[in-house]
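S.K.: Let's have the full structure, built from the sequences with the hints guiding it.
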Amino acid sequence: MASSTYEPKNRFIKAVNQQLPILSLIHGAVGAGYRAPKNLNYWWNFGSLAGVCLVVQIITGIVLAMHYTPHTSLAFASVEHIMRDVNYGWLLRYIHANGASMFFIVVYVHIFRGLFFGSYRNPREVLWFLGVIIYLLMMATGFMGYVLPWGQMSFWGATVITNLFSAIPVVGDSIVAWLWGGFSVDNPTLNRFFSLHYLLPFVIVGVVILHIWALHIPGSNNPLGIDVKGPQDQVPFHPYYTAKDAFGIGVFLLLFAFFVFYAPNYLGHPDNYTEANPMVTPPHIVPEWYYLPFYAILRAIPDKLGGVIAMFSAILILFAMPWLDGSPARSARFRPIYRMLLWVFVADTFLLGYVGAHAPDYIVHIGGVEIPCLILGQAATAFYFLFFLVIVPVVSRWETPLPLPKSINEAVLKKSAAKA
Amino acid sequence: MATHTEADGVTRRDFLYVAGGAFAAVGAAAAAWPLIDQMNPSADVLALSSTEVDLSNIEVGQSITVMWRGKPVFIRHRTEEEIAEAAAVNVASLPDPQTDAERAVRPEWLIMVGVCTHLGCVPLGQRGDYNGWFCPCHGSHYDTSGRIRKGPAPLNLAIPTYEFLNDTTVKIG
Ligand code: HEM
Ligand code: FES
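If you read the protein sequences in the order shown, they are chains A and F. Count the first sequence with my numbering and you get residues 1 to 420, in order. Count the second sequence with my numbering and you get residues 421 to 593, in order.
These are computed hints drawn from the structure, not numbers from a lab. None of the hints are false.
Not everything, but these chain F residues come out facing chain A in the computed CB check (under 7 Å):
id	residue
1	Met-459
2	Pro-461
3	Val-465
4	Thr-485
5	Arg-489
6	Gly-490
7	Lys-491
8	Pro-492
9	Gly-540
10	Cys-541
11	Val-542
12	Pro-556
13	Cys-557
14	His-558
15	Gly-559
16	Pro-574
In silico lysine to any residue, SDA-like type, Cα no more than 20 Å apart, as pairs:
id	chain 1	residue 1	chain 2	residue 2
17	A	Lys-244	A	Val-412
18	F	Lys-570	A	Ala-359
19	F	Lys-570	A	Leu-305
20	F	Lys-570	A	Ile-375
21	A	Lys-229	A	Gly-219
22	F	Lys-591	F	Val-465
23	F	Lys-570	A	Pro-372
24	F	Lys-570	A	Pro-360
25	A	Lys-419	A	Asn-409
26	F	Lys-570	A	Pro-302
27	F	Lys-570	A	Pro-283
28	A	Lys-38	A	Ala-411
29	A	Lys-38	A	Val-235
30	F	Lys-570	A	Leu-374
31	F	Lys-570	A	Asp-303
Keep in mind that this is a model prediction, so the values were computed, not measured. In this text, a Cβ means the ideal position worked out from N, Cα and C, and glycines have one as well.
M.R.: Put into structure tokens, the structure is as follows:
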């Protein structure tokens with residue numbers, strides 16, 4: 001990958017950079033020194049958006065920790081104190097709470113981009129694995145963060161999720177007691193969750209650095225899914241993609257601000273404004289929206305251990321994508337049948353999310369037919385696994401892709417000629 | 421030090437590497453254990469493990485919920501019908517076979533941990549298909565003896581260790 005070297009004009013900067021080449025590093029990572037395919041579309045904005053979300057969460061989180069108290073008798077009150085008394089406390093908390101949702105929206109789109117354009121395929125498997133690890137860490141961080149306000153959903157969400165480990169044969173109950181530091185979710189649990197909720201985002205920062213390092217070895221994939229053949233296929237990252245990313249950030253912040261200022265509690269659950277009560281489970285407990293599809297899979301299997309295994313497999317199966325997909329083409333653009341099925345899969349995850357949000361015996365009316373949510377969830381779960389275990393391996397090997405363009409440059413020139 | 425080579429090619433140095441490495445591994449494991457074990461229930465949490473309850477005010481057909489080790493414990497003064505219903509069940513047909521006598525020392529008093537054996541919610545009393553408890557979280561049904569009859573929970577509601585100190589006082593834990 002031909003890249004220009006960094007040559008500062010200023011003598012002082014030059015001297016510093018010589019002893020600590022950090023500016024060269026930045027130049028090569030996100031400056032003019034990094035050359036990216038020239039056909040990247042808006043799906044490629046979501047990586048930098050994820051980075052913005054991570055920074056926003058860390059900054060607001062550190063500030064919130066200055067006012068929050070991790071004790072069962074004070075946690076709920078300290079959050080109310082942040083909302084009512086601390087200067088701009090309401091703003092900081094709403095940014096952090098909605099920021100987590102925004103982060104998940106962005107990362108889901110980012111993962112979908114990878115699935116659609118085949119970014120998990122050789123030579124980017126390690127990059128993909130690191131991405132899935134980030135996603136797992138995000139889920140753990142989000143879960144523990146939601147416990148901190150010590151509302152009813154915090155408490156019962158923590159109870160149900162930690163109890164998942166009790167499904168493990170023989171040692172399950174000892175593991176759960178170890179996670180809790182007691183015989184139920186209680187003060188020791190809250191304390192350790194606070195400690196880990198503070199730590200994990202910095203672990204994520206570390207993995208993101210590895211993720212970007214691994215990205216820069218082969219360079220970005222692109223919507224055509226074909227390899228870069230030479231410098232004519234690329235443009236320097238700065239100013240082309242720094243400008244495009246900045247525009248994306250502007251649009252994203254509009255959406256973010258809409259939630260923070262006009263619908264700050266829309267994505268949350270009102271029961272979490274009731275203080276935790278270990279003696280009473282709310283009639284309908286649901287996790288945060290971003291876990292709903294997996295919650296639906298958990299409930300679809302009528303067996304405790306089976307449900308837990310299915311739920312974890314649904315996430316971990318992403319690791320297998322590089323082997324499941326055997327198509328000669330990376331990008332779904334050239335695989336019309338696979339592309340259609342991939343969209344059906346996306347619809348299926350939305351259906352799972354819907355099912356996860358409703359009680360198992362809730363009746364859905366589909367054109368006059370009454371279907372209990374449980375049955376719908378079982379059908380959607382079956383399709384979820386069918387997609388990964390049958391559709392991807394079989395369709396990718398059987399479908400002949402449309403002819404691929406010779407190079408990115410050629411495809412781009414053809415497109416602009418057609419427009420002119 | 422001259423290297424002493426045995427007939428099979430193993431040197432004294434190889435032995436030192438393996439012994440040294442093994443020693444370091446044991447040391448690392450010993451150092452890791454306190455870091456892991458600190459998360460287990462601490463001494464004060466373990467100490468809070470018994471509660472005495474006065475039963476004299478609980479009428480037939482009433483239940484109370486008391487707190488034991490941070491968990492709800494249901495104490496139900498069962499009715500004649502409930503006891504009869506619990507005893508009439510064919511034990512072999514149950515997912516977690518247990519007779520009612522194994523679960524209640526004195527048939528009129530059913531004392532059990534009010535935590536669903538699925539994922540830990542608190543079931544609601546006198547509900548569900550078997551007139552016992554119903555867990556709203558994922559729909560588990562328990563009978564009048566607290567035994568699992570239907571739904572995702574694998575086990576009966578747990579029975580804590582308890583003893584009757586006299587006719588109206590029970591000590592849980
Ligand atoms: C904190 C979360 C994450 C951050 C900050 C992050 C950041 C980035 C950035 C900046 C890029 C380059 C720009 C782009 O291609 O959009 C990138 C690329 C990529 N990311 Fe992530 N990412 C995150 C999570 C994930 C997750 C969860 C996955 C998948 C499971 C993933 C998979 C990928 C892949 C496959 C690429 C290469 C894309 C390509 O070149 O086509 N990332 N990531
Ligand atoms: S926790 Fe009771 S049914 Fe799941």
